[in-house]
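**Student:** The chain contents come next:
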Amino acid sequence: MKLDQTIVPGALAVLRPFLGRMLAFRGWLALGLLLTWTSLLTSLGLLGLSGGFLTATAIAGLSPEAAHIFNFFYPSAGVRFFALSRTASRWAERVSTHEATFRLIGAMRVWLYQALCRLSPAQTGSLHGADLLSRLTRDIDALDNLYQRLLLPSIAAWLSLLLLAAVFAWQAPALLAPWSAFVAFALIAVPWLAWRIGGKLSPALVAAQFELRRELLDAVDGIEDYALHAPAWQAQRQRVLQLDAARVALQLRQQRRGAALRGLLLLSIGIVLWAVIGVLAALPSGAGPDGPWLAVILMLILASLEIVQNLPQAWLELPGTVASARRLQAIADMPPAPAYAERGPQPADAALQLDGLGFWHSPEHRLLDDVSLAIPPGTHLALLGPSGEGKSSLLDLLARLRDPREGAIRLGGVALPELDETTLRRHVACAPQEVWLFTASLADNLRLANPQADDAALWAVLDLVGLRETVAAWPDGLATWVDEQGASLSGGQRRRLGVARALLREAPVTLFDEATEGLDPAAEQALLARVRQHLRGRTLIWVSHRPTGLAEFDRVLLLEGGKLRPAGG
Amino acid sequence: MRTRRQASPGQKDGGKVKGQLRNDATAKAWLNGLAVRGRPWRELAILAGVLQGVGVIVMAALLAALIHGLVMDGKSLAELAAYWYGLPFAFAWRALAGWAREEAGARAAAKIRAALRRDLLDQVQALGPAWVAGQTGGGLVSTLLEQVDGLDGYFARYRPQMFIAVLIPLLILGVVFPQNWAAGLIFLLTAPLIPVFMILVGLGTQARQTRQLQMLTRMSGHFLDLVRGLGNLRLLDAHRAQTPRVAAVAEEFRVRTMSVLRMAFLSSTVLEFFASVSIAMLAVYLGFSLLGHLDFGYYEAPPDLALSFFILLLAPEFYLPLRELGTHYHARAEALAAAEQLQPIFAASSPQCHGGSQQPADKAPAIRLQRLSFAHQPGVPVLHELSLDLAAGASLAIVGNSGAGKTTLLRLILGELSAPPGTVCIDGRPLEELDAQAWREGIAWMSQHPRLLPATLADNLRLARHDADEAAMHEALAFAELLPWFATLPEGWQTRLGEGGRLLSGGQLRRLALARVHLRRARLLLLDEPTASLDSATEALVMAGLQRLAEGRTLLLLTHRSAALQLVERVALLDGGRLVAEGEPGKVKEIDDFLAGACA
Chain Z
1 MKLDQTIVPG ALAVLRPFLG RMLAFRGWLA LGLLLTWTSL LTSLGLLGLS
51 GGFLTATAIA GLSPEAAHIF NFFYPSAGVR FFALSRTASR WAERVSTHEA
101 TFRLIGAMRV WLYQALCRLS PAQTGSLHGA DLLSRLTRDI DALDNLYQRL
151 LLPSIAAWLS LLLLAAVFAW QAPALLAPWS AFVAFALIAV PWLAWRIGGK
201 LSPALVAAQF ELRRELLDAV DGIEDYALHA PAWQAQRQRV LQLDAARVAL
251 QLRQQRRGAA LRGLLLLSIG IVLWAVIGVL AALPSGAGPD GPWLAVILML
301 ILASLEIVQN LPQAWLELPG TVASARRLQA IADMPPAPAY AERGPQPADA
351 ALQLDGLGFW HSPEHRLLDD VSLAIPPGTH LALLGPSGEG KSSLLDLLAR
401 LRDPREGAIR LGGVALPELD ETTLRRHVAC APQEVWLFTA SLADNLRLAN
451 PQADDAALWA VLDLVGLRET VAAWPDGLAT WVDEQGASLS GGQRRRLGVA
501 RALLREAPVT LFDEATEGLD PAAEQALLAR VRQHLRGRTL IWVSHRPTGL
551 AEFDRVLLLE GGKLRPAGG
Chain S
1001 MRTRRQASPG QKDGGKVKGQ LRNDATAKAW LNGLAVRGRP WRELAILAGV
1051 LQGVGVIVMA ALLAALIHGL VMDGKSLAEL AAYWYGLPFA FAWRALAGWA
1101 REEAGARAAA KIRAALRRDL LDQVQALGPA WVAGQTGGGL VSTLLEQVDG
1151 LDGYFARYRP QMFIAVLIPL LILGVVFPQN WAAGLIFLLT APLIPVFMIL
1201 VGLGTQARQT RQLQMLTRMS GHFLDLVRGL GNLRLLDAHR AQTPRVAAVA
1251 EEFRVRTMSV LRMAFLSSTV LEFFASVSIA MLAVYLGFSL LGHLDFGYYE
1301 APPDLALSFF ILLLAPEFYL PLRELGTHYH ARAEALAAAE QLQPIFAASS
1351 PQCHGGSQQP ADKAPAIRLQ RLSFAHQPGV PVLHELSLDL AAGASLAIVG
1401 NSGAGKTTLL RLILGELSAP PGTVCIDGRP LEELDAQAWR EGIAWMSQHP
1451 RLLPATLADN LRLARHDADE AAMHEALAFA ELLPWFATLP EGWQTRLGEG
1501 GRLLSGGQLR RLALARVHLR RARLLLLDEP TASLDSATEA LVMAGLQRLA
1551 EGRTLLLLTH RSAALQLVER VALLDGGRLV AEGEPGKVKE IDDFLAGACA
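Chains Z and S, in that order, give the protein sequences. Residue 1 is where the first sequence starts when you use the numbering used here, and the numbers rise one by one after that. Residue 1001 is where the second sequence starts when you use the numbering used here, and the numbers rise one by one after that.
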């Protein structure tokens, strides 16, 4: 009871914005609908006319005169017409509905990308867990099914069955009663049942899948531990197998109910055939349809099965689609934090002024506690401190990936929240701890930082980060394709490319967040020296937890217990 | 950014196609082997499909008799009551058989999937950590989860349908032919086309499916790639500039896929065409026979309305199973794709040391490496003629840059990689003669990235010793100085940790790892960078704990930093898979130089 009161209106509200977005393609959607309907009608026409034609010929065949004058031209031409037009409209239907679907996919992806684009890395970062991102992409695909598998066949079925109702009413109004009952059953009761079943089972299935994935991931990721201790492995294996069995049982239950609904539809066709024959036979002779029309009506009813038989599955899956829509809408509704100004003032110079900064994830552990600092343009500053003590958070504040809880940062006299994002990024570049390499050529990956950079500039920056020889040795050089997540590159190479991208920005302020972690100490020192040389006269903030090789810096600060203090003192 | 993927250099197109065909053949053979495990549900699904066909024939006969009786003979419904009441039962029969067919198919597939997932899990365990390390973690899990699920439609629907699509037309042919040979001939003439249809449908749909799937995967890949890297893009102010790319990739996907689809849909249209045309031919032939214009095709009497209608009703059913096969065809493509991912896992040979039957002695082991060479790929040696002696109860640190072969060495000693015979000896006995599992049970291993299970605290500790009781776990927590933390846990041992539970700081996680090491009944400690990226307080605590644990045990430490060296009596420097220097800490110049470089 709770289900239909809360979820049904809720579901409509959730789907409405997506349906609105679909309307942008109403031309294509309408064409798809028209062709779907046409192919259903030609199918009905072929079978109905064939049945009527046979019966008419059988009656005419009773007497040679009637057989002689029987006009077989139109019916047999009609049969051939329906046969050919059914073939053609099926093809056109498939082409047009796929065309419409692909257009929708494109628009939905752009929409989702724009929605995600507004969010800060801290916000999207929370989506990385549990593979939520790939679920979002699957959610988009689920919404495409809304049109092709649910709306389109449902509307076409309504149109077709109502048209048949008109035909039956014209032939014998008494047929309307059994036919209305069938339409109500096939197009209202069965979808509603399917929706209810799906509403109960699909959240359970999602949860079962989530648990199974988690335990499988654990079995695979923990294989080092499990290899050392056989009983622990046995226990984990047993957990996985149990969860798998439970999930399979749920899947079977869903499939069984879907199959039962399909069976019910078939049975209902049988019952309506039975009832229609009963109604027609009970009519006084001459009041009902003649012999050929009786055959047409029975054939049409029989052919209706094709129109409705795929609907239960689509309605069974609808609650899952609604859940998808809800997840997507939640992303779109998430307010960006921080939000950026549309157009802001230009900072006077690259001077950074930190005033009374406070930042924390939980108030009892303040990562930054009333931190104030002036960084004049051109300063080379090293920032040390134990891991987890807020160094990266401070960089996030400087790059305005987050806003401080207390205090403010000014760049060239302008508070960061007043700057528009383009201006801010032009002034502050950052080599992050986690370097992401996109599936594209190496050159494209670098040019993300500066689309105008020519090959010479790219080679120069590769030289700076110590990758020139490596890249030159690759057969494709700058055009080398970077695999998924840069898997073909070593951790050190990825870090260096992250540094290269930051340097290509040519910004007055450049931040490096543990940019050399994972490099050998000697290589680290060499890279640091070259970067410092290159950025001479510009502001450099170097975050590391290794206190070595920093003697040349203008200032070396230690961040501990939420406070900044000079290091090595 | 472009989204083109380059073929890896040196791969000729012809070779690729041939390789693809061979893969297809092995994948098919593998799937055939799996199908057997679906018994007896698979046979039941086919049987139910045939019963469904019987129901269709009965239904057609009843309906034809009813129409004939009502229209031609002018009988009342009471005289035709048997046919009239029989009609809903024929439908009920069909519905029931259809339900049974789906149920049996689904059960066959469920049985196969469950067995396969169990076998895969066992195979992954048999292949061991060294093999798993070569896979991407998330990728392997989705293989175990989604690729196995990807076989469902194939075993549940496609395979039974392959038989049904042959049996039902034969059944209909067997019924129609004795009644009217001309109508039978129209069916029969199209019957040899059935295999042709199958191939047509197959080729068209397969091409369509593979292309569409490839393109969709590529588009999703591009999208995921962008979104995962959004943080990086934002710092480069390139995130908004990528919006047109998202649109362009989707548009490219649409244009290219549609050009394939327009042709591919033609193949199923051909099937539609034959089905429609043969219905039309039958209607015309039967109609003209009824008029008396045609006078052939029958045995004794020309067809009457009952027979004509019966045949006409069966005409669409003759082609229906084939059309259904076409709609299930994507399941086949999906299964083949899944098989190509799954089958190599079973075909992979385990890199692990299989071990013998000797039980290791219950004391600290002595380890001797004798001219140990090892290569993952021929010609690229990772370890080169390495000889080392570690006496029982002694302690040794191996230092070296990343890539010097430390991890490989560790895996060889654990038996996760198999060394050449006789090159790794434990207490004077070759490792391959020892019972591999018993040997590993005596080892405590501490990684630089200890894992937190998303499970209870007790589960997390029992990862180290399955049967540890609360007293033992309490002792372990005390050892790792976690008791004050434990006191704050509301649910004690049953407190859930990790994802969806209580998160631990890096320092707490290390202490948990230390507690685990304490729980092991270990005779050998293997430590891999036990103090990397730790703050000084935690580092001191971990070091002190390890120092106590090392007493009476053999200890092997891998590091490239000097801090951990206070744990050991001797140090060896590994470079490029060779032992470069060895001696007491602080007494060998090469090692001091290396560590000075590392710490400068």
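It cannot be assumed that every hint is accurate.
[As the list claims (entries may be wrong)] DEER-style ranges, computed between Cβ atoms:
hint, chain 1, residue 1, chain 2, residue 2, range
1, S, Phe1296, Z, Phe73, 19 to 25 Å
2, S, Tyr1299, Z, Arg256, 29 to 35 Å
3, S, Gly1428, Z, Ala472, 47 to 53 Å
Derived by calculation from the structure, the hints in this document are not laboratory data. Just so it is clear, CB atoms sit at the ideal spot from N, CA and C, and this is done for glycine as well.
**Student:** Run every hint past the structure and note whether it holds.
**Tutor:** For each hint, the structure was consulted:
no.	hint	verdict
1	S:Phe1296 / Z:Phe73: 19 to 25 Å	holds (22 Å)
2	S:Tyr1299 / Z:Arg256: 29 to 35 Å	violated (46 Å)
3	S:Gly1428 / Z:Ala472: 47 to 53 Å	holds (51 Å)
In terms of the numbered hints stated before, the structure departs from hint 2 and from no other.
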